[in-house]
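Peer 1: One letter stands for each residue in the lines below.
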Amino acid sequence: MTLTEVRAGLAAHELTREEVIAALWERIAACEPTVHAFLSLADPDRLIADGEPLSGLPLSGLPIAIKDNICARDLPTTCGSRMLQRFRSPYEATAVARLRSAGAQVQGKTNLDEFAMGSSTEHSAFGPTRNPHDPSRVPGGSSGGSAAAVAAGEALAALGSDTGGSVRQPAALCGVVGLRPTYGLVSRYGLVAFASSLDTIGPIAGCVRDAALVLSLVAGHDPLDSTSLPVPPHDYTADLRPDLRGVRIGVPKEYVPRELGPEALALVERWREVAEELGAKVMDITLPTTEYALPTYYLIASAEAAANLARYDGVRYTLREEGDRVGAMIARTRAVGFGPEVKRRIALGTFALSAGYYDQYYGKAQRVRTLIARDFAGAFAEVDLILGPTSPTPAFRFGEKEDPIAMYLADVFTLPSALAGLPAISIPGGTVGGLPFGLQLIGPRLSEERVLSAALAFEEALN
Amino acid sequence: METVIGLEIHVQLTTRTKLFCACRADYFAAPPNTLTCPVCLGLPGALPVLNRCAVELALRIALALDAEVQPQSLFERKNYFYPDLPKGYQITHHAHPLALGGRFTFAVDGELHTVRLRQVHLEEDAGKLVHIPDGALVDLNRCGVPLVEIVTEPDFRSPKEARAFLMDLRTLLRHLGASTADMEKGALRCDANLSLTENGRTGTRSEIKNLNSFRAVERALAAAAALHRDLLARGEEIHQVTFGWDDQEERLVLQRTKEEAHDYRYFPDPDLVPLAIGPEWLEAVRAGMPELPRARAERWARAYGLPARDAEVLLVEPALADYYDEVAKSVPDPHDAAGWVLSELRQFWTGEEPPVPARDLALLIGRVQTGEISRASAKAVLEEAATSGKPIAEVLAGRDLSQIKGEQDLRRLAEEVLAAHPQAVADFGAGKVQALGFLVGQAMRKAGGRADAKKLTEILRALLAQG
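Here the protein sequences line up with chains A and B, keeping their order.
Read in my numbering, the first sequence has 442 at position 442, and its numbers run on one by one without any break.
Read in my numbering, the second sequence has 1116 at position 116, and its numbers run on one by one without any break.
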C-alpha cells in the first residue's frame, strides 16, 4: 500500500493506525532477516501509543523511515560507520523535525554505504542490505536501506540523501520512486555531511504522489542552513497532473550509449513512444560534458569529504582507540573507525587540496563543474525536461564491482545533474533481465512540479 | 643593519554571540564546555550561519583602518587536526578577505608614525586545552568566538615601535566598541615576524607566536633582533623558524622549523555562501562609526588646548574620554578640567560606572574655577561624594565652604599666624624660603581650608617683606 492510499484509508476510517503499523512490522519480521534495510527500529507499540495525538496532522502519526546519516533524536545516527557506532545526536535534522510537525514518527534508521560513500550499500560497517527483488543482488546505494525498505513493503516512505545519485540509483535498482530535489530546497541541517556542495535530502517512496507529499513536508527555507534557498514551503501535490501535452523532452545521446544493451535500449525507445503518445515533443540532444562528470565529482566530493570527516578524531563523541600521544590516538582511531572506501576518498580529497596540486585538481574540477552546469542551461533553453535511464544497469550481484571505478560508473547518469544542482527523479521504467530499471527525468532548477507531473504521467502510462 | 618587523594581530570581538552560532561569546570565567551547541561542537550534520553583528564590527575596524572593504569575501576551511578544533578545520577568510590594504597612524614618544596594512579579515577562534598531570582536558567555550585578524606590512623598525602601535591600536579598538582589546585576557593577541636588512637585502624571517602582553611583544622582538645580530656577527646562517615566548624566563622557545610547516589545504567552505557587502550596508556602518581617538585628541587640542600627553591618557578608556567630554563642555576652563578628571576623579573610578556623575563633577570644578570654593575644599567634597555616593550638591550643602576672600579677613588671619610662629618668621628673614610654605599651610589649616590660598600667600609674603 502507498502512503497516499493509507492516508485515504485512515481518513475514511477503513483502516486504523494500529493496523498499518502492525502490517509494516509483519513485513519487517518477514523481510529483515534477508533484506537488512534497517540499522535501528522504533518500538511499534510506542509508535501506536505516541501516534494518537498526531491524528489530526497530515501524516496522522504514521511512521517514516530515515536514512541513518540524518539526525533523529530517539535513535542512533551511525552513518553506517564503526566510527559513530554509539553516537546519538542530541539534536534533530530540520527535515526530521518538519516530518514530525506534520505528524510523522521516526520508524527506524536505514542502512547505507558508510557516510553515504558508495552505490551498493556493501560499504556499511554493519553488513549489506539485500535487494528485495533478488537477495543475491545489491539494492544500490548509498540509500540502499531506504529504497529496499520501501520496495519490500517494510516502510511506507523514507528519507534518503543524494550526493551523486544516492537516492535515485537505489530507487531505480529497487523499483521504487526516488527524488533528488534542487540543491538548497530541503535543508541540510542535521544531514551528516559527505560533500556539502552536493548533498541533498530526498524522498524515496512507492509512487510519485507519495514522493511529492513527503517533499512538500520537508522542503522550504531553513535559517539554520546558509545554503538553503529562499523558497517558502509549498504543496507539491496540489498541481500534480499526469500531463505531458506540449512538454519538450530531450534525450541526451550520452545517456543512451550502445553499451546499455538491447533490452535497456528498447525500454528507452518505449519511454520515447509513451511520451509522444501523451503529447510530448521528444528530441535528441547532446550534453558533451557528461564524460567529465565522474572525475569532476570524485575530486570535489572527496575534497569536501576529507574536510567534513576530519571531525571524527576520537576526542569527543566517536570511537576512540588510545595512543601514547594525541596524534597517535587520532591516527589509530581513524584507522580503525573508517572503512576502506571512506579512507580511499579521504586520501583522494586530501591529495586534491594539497599545496601545489590544488589548482590542477580541485580548482580545475570546479571550473569543469561550471561547464557542466552551463551544458544543462544550454539544453534547458530548448527542452523542458531531460529523459534517460537512471543507471546503466539493473541491480548487480554482491562483489561484482570490486574495482572502485566499475562501482563509480553506476552513477554516470546521476552525477552530472548532481554537480549542476538540478532536481531529478527516478521512477520504475520497466525491467531489464527481469529486474527493475529506472527512468530518470531531470528538470531545471526548482522545476520540481514539472518533474513530478511528468513522472506521474510516465508512472500511469507504464503501469 | 636595520630591523624589519611585521605584526599579525588577533582581535576578539565583543559580539553577544559566536561567529557561526547563537552561543554566548563572552566565555571569560564561564565553567568549561557550558557555552556550546551542535554547531560550535562540530557535531555531525550541524551547519554554520554567519553572525551579522560580527561582520559589522569587523567592518568598523576595516573602515577605521582605511582598509578597502571588498564587495565579496569568501570563508575558507583551514584544515588541521588538534583536540581544541572540533571540526578539524577552522573557518577563516583567506584568499578573499573582508578588506585589503589600509593604514594606521600611531605615536611613538609623541612622534607620529604610519604603518601600512595588508588585510583585515574575520575568522573563528578555537577552543582551549587545559593541561593536567596525566593528560589534557578540552574546553570548547571559546570555539567559534569571532576574531578579526589584522596583518601589517613589515613597516616597524624597532620593537618599541611595534609596542607603541599595539597600544594605540588597543585604544582604537576600544573606541570602536569592537573589542575589550585586553591582552591579559587574550582579547588582543599578537604574532610577530622579524628580519634584519643590510644594504637593502632582506634577511631570513623569524616568527614569534602568541605574545600576550605589550611587554612580551617588545622583549621578544628585542631578543629575536639580538639573536639575528649575533648569528650574523658569527657568520652563521639564519633558518626560517617559528618561536614561542617564555614570559617567565624571558626567552625565545623554538616551536617549529620550516620543514615542519603545515599544509592547511585551504578551500572555500561549501557550507557558507560568499559574503557580499553592498555600498548601502557599508554606508550604514560608516554612519554609525564613533569619533576615532586621533580625531578626538585633535579636537581637544584645537578647542581646549589640551596637550597630547593628557589626551593619550584620557583616551585609553573610552568611558574616561566620554566622561571628560561631558565635563569639559560645561565648565569655564576645559583644559583645567582634564587635570581634575585624570588626577582627582580617576583614583575613585574602580567599577564600571563613574564614581560621580560628570554633571556633578562639572558643577564642582565650576565652583573652583569661578573662585567660589577652594581647590582643597573641592577635593574633600569629591572624596566624600565618591565614597558615600551622595550627590555633589548635597555634600556641598552640608558644609560651609564659603571662601574667606575679604582682604581684611585674610590679613587678620595672616597676622595671627605670623604672631604664633616667630621662629618661622625668623627663618624666612634668614633666607629660608620654605618657611613661607609652612606659614601658608598653617594659615590654611586655621581657615579650615576655606581661604583663597593664592591671595593668602600674597598677603603673607607682603607682611613678611614689611618685616
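Don't read these hints as lab results, they were simulated from the structure.
Built from N, CA and C at the ideal position, the CB exists for glycine as well.
Honestly, I wouldn't trust all of these hints.
As the list claims (entries may be wrong) - Once the Cα atoms are required to be at most 20 Å apart in a straight line, the calculated SDA-like pairs of lysine to any residue come out as: (1) K1078/B / K253/A; (2) K343/A / A1308/B; (3) K343/A / G378/A; (4) K1160/B / A1308/B; (5) K364/A / L1074/B; (6) K1258/B / L1227/B; (7) K1432/B / D1409/B; (8) K1209/B / R1359/B; (9) K364/A / A1095/B; (10) K343/A / Y1080/B; (11) K1128/B / E5/A; (12) K1078/B / H1228/B; (13) K253/A / R272/A; (14) K1078/B / K281/A; (15) K364/A / R1205/B; (16) K1258/B / K343/A; (17) K1128/B / G327/A; (18) K253/A / T350/A; (19) K1209/B / D1191/B; (20) K1128/B / K253/A; (21) K1379/B / R1411/B; (22) K1258/B / A1295/B; (23) K1078/B / G327/A; (24) K1160/B / A1095/B; (25) K1454/B / F1438/B; (26) K1379/B / A1308/B; (27) K281/A / G378/A; (28) K1078/B / A381/A; (29) K1078/B / G378/A; (30) K364/A / L1463/B; (31) K1078/B / E321/A; (32) K1078/B / S354/A; (33) K343/A / Y1264/B; (34) K1379/B / R1359/B.
As the list claims (entries may be wrong) - Which chain B residues face chain A? A few, computed with CB under 10 Å, are given here: (35) L1041; (36) G1042; (37) L1074; (38) R1077; (39) G1135; (40) D1139.
Peer 1: Next pair to validate is K1258/B with L1227/B; report whether the Cα-Cα distance is within 20 Å.
Peer 2: holds (18 Å)
Peer 1: Taking 20 Å as the top limit, are the C-alpha atoms of K253/A and R272/A close enough?
Peer 2: Status holds; Cα separation ~13 Å.
Peer 1: Does the alpha-carbon distance linking K1078/B and K253/A stay inside the 20 Å limit?
Peer 2: The hint is violated at about 42 Å.
Peer 1: Holds or violated: are the alpha carbons of K343/A and G378/A at most 20 Å from each other?
Peer 2: Cα-Cα ~37 Å, so violated.
Peer 1: Would the hint linking K364/A and A1095/B be met if the CA-CA limit is 20 Å?
Peer 2: At roughly 17 Å apart (the allowed maximum being 20 Å), A1095/B and K364/A satisfy the hint.
Peer 1: Is it true that the CA of K364/A sits at most 20 Å from the CA of L1463/B?
Peer 2: violated (97 Å)
Peer 1: K1078/B and G378/A were given as a pair; does the straight-line alpha-carbon distance stay at or below 20 Å?
Peer 2: This hinted pair is violated, its Cα atoms lying about 36 Å apart.
Peer 1: Mind checking the alpha carbons of K1078/B and G327/A for me, to see if they're no more than 20 Å apart?
Peer 2: holds (18 Å)
Peer 1: Check the hint pairing K1128/B with K253/A against an upper bound of 20 Å on the C-alpha distance.
Peer 2: Roughly 57 Å between the alpha carbons, so the hint for K1128/B and K253/A is violated.
Peer 1: Are K1128/B and E5/A close enough, with their CA atoms no more than 20 Å apart?
Peer 2: violated (55 Å)
Peer 1: Please verify whether K1258/B and A1295/B have alpha carbons no more than 20 Å apart.
Peer 2: violated (43 Å)
Peer 1: For a C-alpha distance cap of 20 Å, please report whether K364/A and L1074/B respect it.
Peer 2: With a Cα-Cα distance of about 18 Å, the restraint between K364/A and L1074/B holds, given a limit of 20 Å.
Checked against the numbered hints given earlier, the structure breaks hints 1, 2, 3, 7, 8, 11, 12, 14, 15, 16, 18, 20, 21, 22, 24, 26, 28, 29, 30, 31, 37, 40 and satisfies all the rest.
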